[in-house]
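Q: Protein chains in written order, with the numbering used here: chain A, 1 to 263; chain B, 1001 to 1528; chain C, 2001 to 2330.
Heads up, a few of these hints could be off.
[Claimed, not checked] Cut-off 35 Å, straight-line C-alpha distance, at most; resulting in silico cross-link-like pairs (DSBU-like, lysine-lysine): (1) A:Lys203 / B:Lys1068; (2) B:Lys1232 / C:Lys2168; (3) B:Lys1083 / C:Lys2127; (4) B:Lys1472 / C:Lys2270; (5) B:Lys1501 / A:Lys261; (6) A:Lys184 / C:Lys2168; (7) B:Lys1358 / B:Lys1501; (8) C:Lys2030 / A:Lys261; (9) B:Lys1244 / C:Lys2127; (10) C:Lys2030 / B:Lys1026; (11) A:Lys261 / B:Lys1083; (12) B:Lys1244 / C:Lys2020; (13) A:Lys106 / C:Lys2270; (14) C:Lys2192 / B:Lys1358; (15) A:Lys261 / B:Lys1031; (16) C:Lys2029 / B:Lys1068.
Everything labelled a hint here was simulated from the structure, so no lab data went into it.
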Amino acid sequence: MKKLSRLRRHRFASPIALFFALFLVGTTFSVASATTKPAQSAFARSAAVDEGRQIFLKGCSSCHGLNAEGGAIAPSLIGVGAASVDFQVGTGRMPMQDMSVQAMRKKPVYNEEQTAALAAYVASLAPGPAIPDAANINYERDGNTAQGGELFRTNCAMCHNFAGQGGALTQGKYAPTLMGVEPKYILEALATGPQSMPVFSDKVITPAEKLSIIKWIKAAEAEPNLGGASLGRVGPVTEGLLVWTLGLGLLIGVAVWLASKAR
Amino acid sequence: MTARERIAGTVANYVDERTGAAKWLKKNLTKVFPDHWSFMLGEIALYSFVILLLSGTFLTFWFDPSQKEVIYNGSYQPLSGLKMSAAYESTLHISFDVRGGLLMRQIHHWAALIFLAAIVVHLLRVYFTGAFRKPREFNWILGVGLLTLGIVEGFLGYSLPDDLLSGTGIRIAEAIIQALPVVGSYLAYFAFGGAFPGEAFIPRIYTVHILLLPGIFLALITVHLMLVWYQKHTQYPGPGRTEKNVVGYPLMPVYMAKAGGFFFIVFGITAFLGAVASINPIWLYGPYTPGQISAGSQPDWYMGWLDGLVRMAPPLETHAFGHTISWNILIPGLIIPGIMFTGLALYPFIESWITGDKREHHLLDRPRNVPNRTALGVMALTFTLIGLINGGNDIIATHFHLTINQIMWFSRIGIIVLPPIAFVITKRICLSLQRADRELVLHGRETGRLIRLPHGEFVEVHEPLNQEQMWKLTQHEQTPALALPETDNAGVRRPKSITSKLRARMSRAATEQVAKPTSDDIKAIEHH
Amino acid sequence: MSTEIAPVEDPGLPAHIHRKADHDPVAEKKAERQVAILFALSALGTVLMIYSYIFIPGDKFIFLPIMGNTNASQLFLGIGMAASLFFIGMGAIQWARTLMPDNEVIAQRHEMRSSDEDRADFVDTVKERAGTAGLGRRPLIKRSLGLALGLVGLSPVLLLRDLGPLPKMELSQTSWRAGTRLVTDPGDRPIKPSDLEVGAVAQVLPELAKGQERTLADIGKDAVLLIRIRPQDFQLSPEKLSWTHEGIIAFSKICSHMGCAIALYEQQTKHLLCPCHQSTFDVTRGAKVIFGPAARPLPQLALSLDAEGYLVARQPFAEPVGPSFWERSS
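Please work from the sequences and hints to get the whole structure.
A: Structural data, given as structure tokens:
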């Protein structure tokens, strides 16, 4: 008994006990949780779908539900289609960093293969918008810049600003900038209506019109700042700020020098 | 006599024989102007006006104000084939096809923003130093008039290109006109020649913008400057400066060189902004149509505070007897600005009523010595600034990760709560500064050097101010509060009317100050 | 509270401090050179401006930090112009500061008030000459003059009457009639309910009759926003609910506050946001205002289907669209 008592007071006793406790809890949990079976789907399973399901369970199910049915904090993914997943996961918006009002674009967590697997899994749940073929988005050939601009200003500028710089929505949500966004993601966003963005169906804005919009966005992106520094392309707010800082600053600075006594 | 002197003499003789110019030139070339950088703020505005005239005239050689629909066929490809007004098309032409056109457009717009900013800082300088007091009240009113007209002129100017942003601004202006009780819909239809947007509005505001208002400006600015010339400029207090003199430099050659040079400086800096900073890229906005709108739509800064007031207004509308009055538009759009500008224009008279001061003043006040006026000015600025901030609430929200709802509530509550707080804080700061001045006069400047006295005490060495510095800190007047007489001239007991009680109250508040040291105080200190 | 004006005596103008260039010829020459260099920089600026105007083509772009890709012609023209002006100013000011006399000069002010004698003369003159005009003694002239001047002042008001037509009922009417098809903006394509998914929006205008042109004034009243949500999400009165079709609801796109286009629809919250003054409208409750300065909900357009299954207006708007006006009864 003395030995046991001595062992208990060893300086490694606590860490070792902790390690065993954690090991026990962890394995029990894994075993217990692994016994829940997901619902059967009518579609055939492929390897990608299975892989996608595994990734989903690990990284997405805690918010979106074990069967992607959604819940209080995340919407259902049944019927959102592969395009939604490709957009959200491909731009890094999902998995969400924190529970804020809006998913921010960030460095993607999953690589291309994993994203494709996730997309395949979600697509297998119910029919939804498919991922557009990136090689076939020929906006340069098939789009009309001027028409795209008109479409953009009627359908997009009220959220994303006249130059695609983004804008404010209510309660801290925002429409992000469209500068530097791949054409594939633009098409997916139009088709799936991510978060606050509405859906723009192909009958309302035809596929040709969508290519024109992309062409205009790319033209705006590439457009040089004709008159000088663009000041953010957000309009009179930054222009007024420049006048009150640099403009008056320089002028008053010279005035102070002007009225000062020379040495 | 050299050849040059002979020629100059002949020219001078020729002119003088016809105009008698030698006499008044001689008098005026030696006129004295006080020299301080804060006296150049009005000049920034004046020179910006000249720049606006010059650059604006350039633009009128190419601009077509017509709202007739045309199909664009010019060099900017992303608008190719689109329908637009001739006004918009001609602005595109100036921006892309006229050499120096975009530069002049940008110089014109930057000059307009600087013009109004300079008027505001000039107004603030005149206000805080009390330069509006007798005999300059009329000049103050002219200045407030120039500010108001300047705001209108700027709005009309940036509405001329008929792009999406400025067209939205015109829509809002039409809504304000339409909201006027009884006559609104008629005035709106008369102004626009029918339904909004129509085809009459831009050609009409073009006339106002290039002819009517510039003409009025020229007249008002001329009278404004003539008054300054005739009444002589005010000066800051200091050694040798009194109410009865002007200390400075003569017009020829010093002031001519400095002021004339400053014109080139203002023009040069404005041109620099026009060269390196993009302003109002109308080709990105697209032509105006009432079915489109951009996120982050604001007017230029000098109207931004009005936009902010409109945004934070409560949704008040009354419907009675088959008629609607939109208080949510009239109060922030017309009534509040009306009260503010009227109060601003009448302020010299309000202040002289409160203080009972009817004397001429040519020496400026140090703002700390008039705590009430300074605090009132800061309060008004705070009010305007909150309006301005709210006018940009969507841009602020996206850039600083706030919500428009938060900023809106901050503004709604802040605009009522913050100005009085600003008043109190400013007044207290002014009084503390007065106290600090008093300490400086009585005890001298703290040098930071410590010496140890023989009995062990450490004291800081104070350097007494020289007489010039002491004069500057004590030359101001401190008038007591108005004591309204109990009986008037005829011996009748004066009834304590509301206005006289109010006046006495405000006079007491206005004269709250830290007593400046008396000569006895100073002599007592000198004996230390 | 001390009323004594001057506890300290006015020491008078401080002694003049000489500048280097006042007494040192070397410093004077240096100041001259400084001024000359500044003027020379201005000349260089003009040369740059002329060069840019003639030789730099309008389609050349140059990359600079902060400014990005910018138009070379516009940039150098502007910098040349700025330099040409700025350095003249700098030169003139430096000349005044360093070389021109900077002794402070004192001039006397005179009281603004005229002398009592002048005032008395003035009053006498006016009284005497006004007396000869006799306006005070001749009420008939006074009154008839008043009448004439008053009436002539009316003529500008009269002449401006033709500035515009009377509004009559125009503010209360749009082009929407019973059976008018909803067509896409732009594109003018009619819409079937199956074209819109739940969460979709469409910008629409009334279909044009053959040969008809659509003016901006028409768009300014007719523009409509079509939104589809799940039918069970509506919280509308039975009448307003009957104006929807399978979850599709149509509102006037012209803000009821000050007339900006409301097209910003937040799909998840089902709120419309007007970017001008941030009025927020709840689609599920018939575009009821939930935030911001707008005082009225957006007018709703009653929808139904025509024989071919396209969405049409069932009737015109039940109230005027756009901002309020005096004659609006609700």
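Q: All hints are to be evaluated individually against the structure, with a verdict given for each.
A: Right, here's what the structure says about each hint:
The hinted pair formed by A:Lys203 and B:Lys1068 meets the criterion: a straight-line CA distance of about 33 Å does not exceed 35 Å. Proposed proximity of B:Lys1232 and C:Lys2168 is contradicted: the alpha carbons are some 57 Å apart, above 35 Å. The hinted pair formed by B:Lys1083 and C:Lys2127 fails the criterion: a straight-line CA distance of about 68 Å is larger than 35 Å. A hinted pair counts as satisfied when its Cα atoms are at most 35 Å apart, and B:Lys1472 with C:Lys2270 does not qualify at roughly 65 Å.
The suggested pairing of B:Lys1501 with A:Lys261 is violated, with an alpha-carbon distance near 50 Å, which exceeds 35 Å. In summary, the hint linking A:Lys184 to C:Lys2168 is not supported, as the alpha carbons are separated by about 52 Å, beyond the 35 Å threshold. For a cut-off of 35 Å, the pair hint linking B:Lys1358 to B:Lys1501 stands: about 20 Å separates their Cα positions. For the suggested pair C:Lys2030 and A:Lys261, the alpha carbons sit about 17 Å apart, so the restraint of at most 35 Å is met.
Taking the CA atoms of B:Lys1244 and C:Lys2127, the gap is about 33 Å. The hint holds against a cut of 35 Å. Under the criterion of a C-alpha separation no larger than 35 Å, the hint pairing C:Lys2030 with B:Lys1026 is consistent with the structure, at around 33 Å. Proximity of A:Lys261 to B:Lys1083 is assessed by CA-CA distance (about 59 Å); at most 35 Å being required, the pair is judged violated. A hinted pair counts as satisfied when its Cα atoms are at most 35 Å apart, and B:Lys1244 with C:Lys2020 qualifies at roughly 33 Å.
Our distance criterion of 35 Å between C-alpha atoms is met by A:Lys106 and C:Lys2270, whose separation comes to about 26 Å. About 78 Å separates the Cα atoms of C:Lys2192 and B:Lys1358, which puts this hinted pair outside 35 Å; it is violated. Simply put, A:Lys261 and B:Lys1031 have alpha-carbon atoms about 20 Å apart, close enough for the 35 Å limit, and the pair holds. The straight-line distance between the Cα atoms of C:Lys2029 and B:Lys1068 is roughly 63 Å, outside the 35 Å bound, and the hint therefore fails.
The earlier numbered hints that this structure contradicts are 2, 3, 4, 5, 6, 11, 14, 16.
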